[in-house]
Amino acid sequence: MLMKVEEKKSPMRAPDPSEKHTLSVVVDNEPGVLARVIGLFSGRGYNIDSLTVSETQHDKHVSRITIVTTGAPMVIEQIKSQLARLVPVHRVADLTVGGAAIERELALVKLIGRGEARVEALRLAQAFAVKTVDATLESFVFEITGLTDEIDRFIDLMAALGKVEVSRTGIAAIARGAEGL
Amino acid sequence: MTREMTGAEMVVQALADHGVDTLFGYPGGAVLPIYDEIFQQEKVRHILVRHEQGAGHAAEGYARSTGKPGVCLVTSGPGATNIVTPLTDALMDSIPMVVITGQVATHLIGNDAFQECDTVGITRPCTKHNWLVKRIEDLPRILHEAFYVATSGRPGPVVVDIPKDIQFTRGVYTGPKNVVHKTYRPKVKGDLSAIHAAVELMAHAKRPVFYTGGGVINSGPAASQLLRELVRLTGFPITSTLMGLGAFPASDRQWLGMLGMHGTYEANLAMHDCDVMICVGARFDDRITGRLDAFSPNSKKIHIDIDPSSINKTVKVDVPIVGDVAHVLEDMVRLWRSEAHVADRKAQERWWSEIDGWRAKKSLAYQRRRDVIMPQYAVERLYALTRDKDVYVTTEVGQHQMWAAQFFKFEEPNRWMTSGGLGTMGYGLPAAIGVQLAHPGSLVVDIAGDASVLMTMQEMSTAAQYDLPIKIFILNNQYMGMVRQWQQLLHGNRLSHSYTEALPDFVKLADAYGCHGIRCEKPDELDDAIGEMISVKRPVLFDCRVANLANCFPMIPSGKGHNEMLLGEEVTDEDLADAIDDAGKMLV
Ligand SMILES: Cc1cc2nc3c(=O)[nH]c(=O)nc-3n(C[C@H](O)[C@H](O)[C@H](O)COP(=O)(O)OP(=O)(O)OC[C@H]3O[C@@H](n4cnc5c(N)ncnc54)[C@H](O)[C@@H]3O)c2cc1C
Ligand SMILES: Cc1ncc(C[n+]2csc(CCOP(=O)(O)OP(=O)(O)O)c2C)c(N)n1
Ligand SMILES: [Mg+2]
Chain L
178 MLMKVEEKKS PMRAPDPSEK HTLSVVVDNE PGVLARVIGL FSGRGYNIDS
228 LTVSETQHDK HVSRITIVTT GAPMVIEQIK SQLARLVPVH RVADLTVGGA
278 AIERELALVK LIGRGEARVE ALRLAQAFAV KTVDATLESF VFEITGLTDE
328 IDRFIDLMAA LGKVEVSRTG IAAIARGAEG L
Chain H
160 MTREMTGAEM VVQALADHGV DTLFGYPGGA VLPIYDEIFQ QEKVRHILVR
210 HEQGAGHAAE GYARSTGKPG VCLVTSGPGA TNIVTPLTDA LMDSIPMVVI
260 TGQVATHLIG NDAFQECDTV GITRPCTKHN WLVKRIEDLP RILHEAFYVA
310 TSGRPGPVVV DIPKDIQFTR GVYTGPKNVV HKTYRPKVKG DLSAIHAAVE
360 LMAHAKRPVF YTGGGVINSG PAASQLLREL VRLTGFPITS TLMGLGAFPA
410 SDRQWLGMLG MHGTYEANLA MHDCDVMICV GARFDDRITG RLDAFSPNSK
460 KIHIDIDPSS INKTVKVDVP IVGDVAHVLE DMVRLWRSEA HVADRKAQER
510 WWSEIDGWRA KKSLAYQRRR DVIMPQYAVE RLYALTRDKD VYVTTEVGQH
560 QMWAAQFFKF EEPNRWMTSG GLGTMGYGLP AAIGVQLAHP GSLVVDIAGD
610 ASVLMTMQEM STAAQYDLPI KIFILNNQYM GMVRQWQQLL HGNRLSHSYT
660 EALPDFVKLA DAYGCHGIRC EKPDELDDAI GEMISVKRPV LFDCRVANLA
710 NCFPMIPSGK GHNEMLLGEE VTDEDLADAI DDAGKMLV
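Just so you know, the sequences run in chain order L and H.
Going by my numbering, the first sequence opens with residue 178, and the numbers climb by one from there.
Going by my numbering, the second sequence opens with residue 160, and the numbers climb by one from there.
Calculated directly from the structure, the hints in this document are not laboratory data.
Model, not experiment: these values are computed from the prediction.
All C-beta atoms in this analysis are idealised placements derived from N, C-alpha and C, irrespective of residue type, glycine included.
Be aware that a few hints might be false.
With a straight-line Cα cutoff of 25 Å, these simulated DMTMM-like cross-link-like pairs (lysine to aspartate or glutamate) come out [stated by the list, open to error]:
(1) Lys257/L to Asp466/H
(2) Lys346/H to Glu356/L
(3) Lys719/H to Asp452/H
(4) Lys237/L to Asp205/L
(5) Lys346/H to Asp271/L
(6) Lys681/H to Glu539/H
(7) Lys336/H to Glu207/L
(8) Lys257/L to Asp444/H
(9) Lys475/H to Glu196/L
(10) Lys293/H to Asp193/L
(11) Lys257/L to Asp350/H
(12) Lys568/H to Asp683/H
(13) Lys505/H to Asp515/H
(14) Lys521/H to Asp350/H
(15) Lys459/H to Asp193/L
(16) Lys340/L to Asp326/L
(17) Lys719/H to Glu539/H
(18) Lys475/H to Asp271/L
(19) Lys293/H to Asp205/L
(20) Lys341/H to Asp236/L
To list a few chain L residues with every Cβ distance to chain H over 10 Å, as calculated [claimed, not checked]:
(21) Glu196
(22) Gln255
(23) Thr322
(24) Asp333
(25) Glu356
So here's chain L without its partners, still in its complex pose:
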């Protein structure tokens, strides 16, 4: 999910340089929990660059929300403590602080076109190690998994070849190594 909220402006303070952070938020999967998280971001004027959510422990009704956000260091600290004080939140982890975490996104990219462009598209798909998951005489659907930048590049290339439709998951992330949340 991609959403942009307007950058917070304060007339009294020079903006500190912005940083991008990936946060993992482990929550009790009760009704409205996602609304609480999103409402927190929109209500307080924080940015959401990407947000993914899914139940990760069905028996315990625990979900994991991965949020990519940008803000000055003090704002990032605020975001984390604001998230942590939501009642159904178990834990908030800043994956960016813990060293390079693994981040992946999945996109389904539909290319509509005929003729030479189709051959080029398949060649590029191969170069990107992308799976072709659907094909007709006038279209392909590619499945690509990777870093956000990689996916952006692939989509840009496809867009040069024909009409493109895209569905993306947003970023899923996990820390490296033996330590867990």
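Mind docking chain H with the ligands on chain L? Use the hints.
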């Protein structure tokens, strides 16, 4: 205890189990089963208000003056939307409150049913947490969690939305014993090494100041006692926010008065010039800091707060201590004593003599008049004539609120109830009702403004019904004085819609409500009139006619630093007109 009963019975049982003696509410279709249960029991007393907003503020007054949660019961739809203002107010001021709302039956939710609204959606951003109960099995747990969440950690309001069919359904009720919340467990003990670092900083301070706030009141009476102990041990000066008044006695020599936008000269300059600031349960609100880059530029800052999100929000601090005020202060006092700390006496003496110089400015001074009552004078007299009584004070919002904060001196916590964060006009009258119910024998005064008091005036009828002798002391300047003052400062004195052309006759209004009305217009008649107000054992509307155009000083104009205060005695019309620059005009 485990017993089978209906959802409606569970609600009343849970209230009783949580020690609720008073419930503020207003009936309607979606809560009728609960009202039927209330009718058939005597454990919980129900107070019928005249508007759900009144129920909410009454519950806040009850809560703030007792330390217990305030509890309300309202119906679905308009009942729920009418209580949104008190919920927001309680969230801003950290007041524990449990609100039970009725909802349309579960199978009707989402159909735009009669008096349906998305209560949990509407109240999500103005509660600490809320629940929609969809199964009778969940109801007892949710009710107990609601009390736990409202009262632990940083207190706040919660909503439990109960559909009507759930109120009728039978289920098994279990009592509140051993309710452990799955995720919410706030930390109360402060980190000892951080407390050590704080005590170390304090011991070497040359220009220290305590900056205390509502968190001391939230933490309970023990916190106020420990604060007094620590302040006296160290000999440091102390100031407080609007929300923290009473935690430290105002008659004490170490007390500098309130700080902030309308705080004293000495409090604000001590904050600006200090080298060590000890913030105890306050949240660096914009009314306190003024211009952020000019806020106490040379100090090391210690911050005790139970809510990590209050720390480093707008002001970066050097020693954060997450924990409950009473717990942390206990450790601080112990460490200060055991390590035989004495503050640097020489430096302290210099610091105090500087402070005494600022005090000599007498920043609260105002011109007395013989012909008209000055509003400051009215509060001074009210204070003088009630100081030996068991008195609680609530306020509305505006100039009168600030004069009350400046001129009424509080010696004890939980005696002062005001809407600080949200600034809700109409808070004080119903809050006084809540306070009076909790403290039947005490004197409860709402220091009110003529405009504010009209917002919840109908609650006089509640006061009359329950024989609550609350005193509504209106500083009637016929203006929305605070708005008028800002228009004078910011908008060329164009008084756009800040004059109330058609105020009611408050004395006749009192009569209409079956209450007692008093009017006073002359300074030399004021004492007798206040005497009458105190002696009447009925609700009183006191129309105190005061100077119409008085301004509230001192004042730090928006966008200015603590060292750029406007002082009442010195300020000229020109200063007023130029006080706020273009950047400041954007701020409120
Ligand atoms: C017209 C108007 C003018 C105003 N002018 C002024 C002014 O001049 N000066 C002024 O001071 N205010 C003024 N205010 C009030 C102001 O808006 C704020 O409400 C107030 O300053 C906040 O007080 P506080 O910092 O004590 O915080 P509170 O809102 O009382 O917050 C309490 C803090 O303590 C923490 N806390 C709660 N419980 C505990 C616990 N058990 N242990 C530890 N920490 C805890 C909370 O997390 C929070 O951070 C004005 C309001 C109005 C309406
Ligand atoms: C519900 C609400 N609406 C508007 C305001 C904005 N406001 C702040 S003070 C004020 C005027 C209050 O007038 P009054 O009660 O007469 O008090 P005074 O300032 O004259 O003492 C207004 C309108 C508010 N705080 N609350
Ligand atoms: Mg007025």
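Okay, the hints, checked on the actual structure:
no.	hint	result
1	Lys257/L to Asp466/H	holds (12 Å)
2	Lys346/H to Glu356/L	holds (24 Å)
3	Lys719/H to Asp452/H	holds (10 Å)
4	Lys237/L to Asp205/L	holds (8 Å)
5	Lys346/H to Asp271/L	holds (20 Å)
6	Lys681/H to Glu539/H	holds (15 Å)
7	Lys336/H to Glu207/L	holds (23 Å)
8	Lys257/L to Asp444/H	holds (20 Å)
9	Lys475/H to Glu196/L	holds (18 Å)
10	Lys293/H to Asp193/L	violated (46 Å)
11	Lys257/L to Asp350/H	holds (20 Å)
12	Lys568/H to Asp683/H	holds (22 Å)
13	Lys505/H to Asp515/H	holds (15 Å)
14	Lys521/H to Asp350/H	violated (40 Å)
15	Lys459/H to Asp193/L	holds (21 Å)
16	Lys340/L to Asp326/L	holds (20 Å)
17	Lys719/H to Glu539/H	violated (29 Å)
18	Lys475/H to Asp271/L	holds (20 Å)
19	Lys293/H to Asp205/L	holds (17 Å)
20	Lys341/H to Asp236/L	holds (14 Å)
21	Glu196	holds (15 Å)
22	Gln255	violated (6 Å)
23	Thr322	holds (32 Å)
24	Asp333	holds (38 Å)
25	Glu356	holds (21 Å)
Of the numbered hints given earlier, the model fails hints 10, 14, 17, 22; all others are met.
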